[in-house]
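Student: Sequence:
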Amino acid sequence: MSYDLYLVRAPAGADDDFVEAIAMAAAESDGPAGPPDPAVEARKRALADALCAADPTLTASTPDHAAIAGYEGISIEESRRRHRQIEVYGPPDGHGILVTLHDDWVSLEMPHGRGDAGMATLLRYVGLLTRLGGFVAFDPQGPNVVDPSEYGGPRQPTPVGVHAVAPDDKAMRPWWRFW
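Take the position in the sequence shown, starting the count at 1, then add 20; the result is the number in the numbering used here.
Think of the hints as simulated: they come from the structure by calculation, not from any bench.
Here the structure is a predicted model, which means the values were calculated and not measured.
Any given hint might turn out to be false.
[What the hints assert, rightly or not] Cβ-Cβ distance ranges computed for the label pairs, FRET-style: (1) P56 <-> G135: 30 to 40 Å; (2) P58 <-> D136: 19 to 29 Å; (3) A87 <-> P131: 20 to 30 Å; (4) S95 <-> E129: 21 to 31 Å; (5) A32 <-> T120: 18 to 28 Å; (6) A137 <-> A47: 23 to 33 Å; (7) P58 <-> S95: 13 to 23 Å; (8) A32 <-> I96: 19 to 29 Å; (9) P131 <-> A73: 20 to 30 Å; (10) V60 <-> D113: 28 to 38 Å.
Even glycine gets a Cβ: it sits at the ideal position worked out from N, Cα and C.
Could you build all of it, start to finish, from the sequences and the hints given here?
Tutor: Here is the structure:
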């Protein structure tokens, strides 16, 4: 079991019900429909890099497309189209937080029982991502819109330019993934 948060983009002034609808639709989607957009890929990489710069214990990882293709019985090209997320995670002895950067939303997961220090770390990440990514945070367990201004980010953020760096596809995979 885990504590989850969804970060989505919503129009300024959107009410909590509207944010909830966007967040739940994102979480229930089957993934990206079209081909990768270089601007979106650069934005995801920039957010991953910003998280890793803010917390040097974090590692960013992209999917192992050859392994996924073999597991799912699809081509490597189809795996690249379907699986474009970037995962950011800490060391095995850390808080167990997993940040998954999708094309247009972010999910954060943390196992229950990580205490105040784990929650403070999770909320620092939420503050950074809302500030840099223009997201609104939603807690599906609540359901509540989370006000990240308490944790370093604005309630209705304005995206800030960040600089992208080339992805590191050789990063070690998290232990909980099956491919």
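Student: Looking at the structure, which of the earlier hints fail to hold?
Tutor: 2 and 8
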